[in-house]
Every structure is written in C-alpha cells, then in structure tokens.
Amino acid sequence: MELLVRDTGVEKRSQLGLEPAEFAELYQTHSRPVYYLALRYLGDPQKAEDVTHDVFLKVYRKLNEFRGESSWRTWLYRITLNHCHNVRQSWHSRNLITNADEAVWENAAARADSPLRALETKELGQRIQKALDGLAEEHRLLLLLVADEELSYAEIATLTEQSADAVRGKLHRARKAFAVLFQQSA
Amino acid sequence: MKRQTKLTAQEQEQLAALNAPQTSTREFATAEELLRHDAGRTEVPPVIAERLLKSIQNLPHPAPTWWQRWLKR
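Going line by line, the protein sequences match chains A and B. The numbering used here puts the first sequence at residues 1 to 186. The numbering used here puts the second sequence at residues 187 to 259.
It should be emphasised that the hints constitute simulated quantities derived from the structure, not laboratory data. Don't take every hint at face value.
[Said to hold, decoys possible] Straight-line Cα separation of at most 30 Å, DSS-like style, residue types lysine-lysine; simulated pairs:
| no. | chain 1 | residue 1 | chain 2 | residue 2 |
| --- | --- | --- | --- | --- |
| 1 | A | K47 | A | K58 |
| 2 | A | K58 | B | K240 |
| 3 | B | K240 | A | K47 |
| 4 | A | K170 | A | K47 |
| 5 | A | K130 | B | K240 |
| 6 | A | K62 | A | K122 |
| 7 | A | K130 | A | K47 |
| 8 | A | K47 | A | K62 |
| 9 | A | K62 | A | K130 |
[Claimed, not checked] Across the chosen pairs, the derived CB separations fall in these ranges:
| no. | chain 1 | residue 1 | chain 2 | residue 2 | range |
| --- | --- | --- | --- | --- | --- |
| 10 | B | W253 | A | E161 | 14 to 22 Å |
| 11 | B | R255 | A | H172 | 53 to 61 Å |
| 12 | B | W253 | A | W72 | 27 to 35 Å |
| 13 | B | R255 | A | Q46 | 24 to 32 Å |
| 14 | A | E25 | B | R212 | 26 to 34 Å |
| 15 | B | R212 | A | E138 | 23 to 31 Å |
| 16 | B | W253 | A | K130 | 31 to 39 Å |
| 17 | A | S152 | B | S210 | 39 to 47 Å |
| 18 | B | E236 | A | E65 | 22 to 30 Å |
| 19 | A | N86 | B | W253 | 32 to 40 Å |
Think of the CB as a built atom: it goes at the ideal place given N, C-alpha and C, for glycine as much as any other residue.
If we strip away everything but chain A, and leave its shape as in the complex, we get (with noise of 0.2 Å):
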C-alpha cells in the first residue's frame, strides 16, 4: 500500500479531508481483518478479493461521511457485511443451498465441549472453512466477529441488529456446533 502514499494522483483527492498516508494506514491496519472475514465468511478468495476492494474504495470515497460515532474498524466491518450480503444474495439467487446447524451439536454435546486439536498444515484453513460452512449463516458471523478481539459484544450486536444477550446465547450454540463440525472434518 506504499504505492498510494506515494503516488501523485492520490494526493490531489486529499481535498476530500483524505490523506493519503492515513489511507494507508488504514488500509495497513485493517485489510487483513476486513479480508479475513470476507474470506471465511463467503467461503470464496476470489469474492473476498473483490469485497476487500470494494469496501476500502468506498472508504476512499466515503471517509468525509466517517463520523467517529463507532470504531473504524465497527464501520468499516459494516460495510464489508453489507458488500458480502449483497454477493450472498445475487449469489442464493441462482443457488438455493441450505446449511443448518441445528441438528448437528445437539447429538454430540460431549464432543463439542473437548478441546479443538488441529495439525498445523495447508489443510488446516480447509478444515476450518469446512467447519464454517456447515453452520447456519448467522452462527458463522458471529463467530468470526467475536474471533475479532478488538470488538466488543455491544459492537458484535450493533453490527448484527440484536442485543448484546442474544448474542452471547448464540454463540454459545455456535461455538458447539462448529466444535462438533471441525472434528467431523478431520
């Protein structure tokens, strides 16, 4: 990201109130976490790709209307859940799958309580991914933002419509049922 620090073309929009090292900056700080959750969220490098920049060029355009009501990294996460809704859904539309958890946790309760033990290869990311993907849509996000140690419950709350009780009580379901599912993806 030096590339925009340094190029002159970047510098002439810092009249938006943008400059470009903060840009950077910014783009430094948080592509990983914002790509990360694309990533695993979707389940699809190439829409994470295409999500990551999405979501920082609208901040490039839109960083005039960041108010500091929320963290920037509250705000620009819900700008990447709102950029990858809108894949899921044009992405749904032409492919109706259903992946519920319900069932799966509720049979293995004594395996979802024992430790997570993974080998540390290639096939680890795939196993994790497997695991996401067999969870309701609303446990993984959850999950993948309370993976997040700079987001608070209220904020995990805010940035899905619920309160911050609900989702502690998902979570609780959300973290068996993945448990069970990465053991089962072994």
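We have chain A already, so just place chain B on it with the hints.
Chain B only, in chain A's frame:
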C-alpha cells in the same frame, strides 16, 4: 567387534518422525481462538492493493464545492 546394522523398532520410529513433514498439533480452547490463529496466518493478497490503486487513479475528480466555485470568481 561386529557393528550393528539393523535399526531397532524404536530407532526406526524416531527416524520416520525425523523424515516426516514438520507438523505440530496445536490445541485451541475455543472456536474463536482457532479462528484468531487462522486469521493471523492468512495473508491479504497483494493484488488487492494494486487493484485499489488503479481504481483510485481512475476515480473522477471531485466536483468543487460551492465555496470553491465562489472563491474562483
């Protein structure tokens, strides 16, 4: 003294472990701990920054605000 050429079963296991690809088993207490680890080792493709730079370069210049137009008079 006759030198031993055959490896014991234990030595064979040790040798196999040495020759095997280096992997380690990690334990994660929760799903989010595992996801955090996964996020930490996920690299953002550099092509995104390159695409972003091109897209920014192609953006139209912002229209001057009313006060910028007024100052140019």
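Hints, verified against the model:
1. A/K47 - A/K58: Holds, at roughly 16 Å.
2. A/K58 - B/K240: holds (14 Å)
3. B/K240 - A/K47: holds (18 Å)
4. A/K170 - A/K47: At roughly 27 Å apart (the allowed maximum being 30 Å), A/K47 and A/K170 satisfy the hint.
5. A/K130 - B/K240: Roughly 34 Å between the alpha carbons, so the hint for A/K130 and B/K240 is violated.
6. A/K62 - A/K122: Measuring from Cα to Cα gives roughly 38 Å; hence the hint is violated.
7. A/K130 - A/K47: holds (17 Å)
8. A/K47 - A/K62: Judged against 30 Å, a Cα distance of about 22 Å means the pair holds.
9. A/K62 - A/K130: violated (35 Å)
10. B/W253 - A/E161: 14 to 22 Å: violated (38 Å)
11. B/R255 - A/H172: 53 to 61 Å: 58 Å Cβ-Cβ, so the 53 to 61 Å window holds.
12. B/W253 - A/W72: 27 to 35 Å: holds (28 Å)
13. B/R255 - A/Q46: 24 to 32 Å: Violated - the Cβ-Cβ distance for B/R255 and A/Q46, about 43 Å, lies outside 24 to 32 Å.
14. A/E25 - B/R212: 26 to 34 Å: Cβ of A/E25 to Cβ of B/R212: about 32 Å, so the range 26 to 34 Å holds.
15. B/R212 - A/E138: 23 to 31 Å: Holds - the Cβ-Cβ distance for B/R212 and A/E138, about 28 Å, lies within 23 to 31 Å.
16. B/W253 - A/K130: 31 to 39 Å: Roughly 56 Å apart at Cβ, these two residues miss the hinted range, so it is violated.
17. A/S152 - B/S210: 39 to 47 Å: Hint violated: Cβ distance 33 Å, outside 39 to 47 Å.
18. B/E236 - A/E65: 22 to 30 Å: About 26 Å separates the Cβ atoms of B/E236 and A/E65, which means 22 to 30 Å holds.
19. A/N86 - B/W253: 32 to 40 Å: For A/N86 and B/W253 the Cβ distance comes to about 35 Å; the hint holds.
Of the hints listed earlier, those the structure fails to meet are numbers 5, 6, 9, 10, 13, 16, 17, in rising order.
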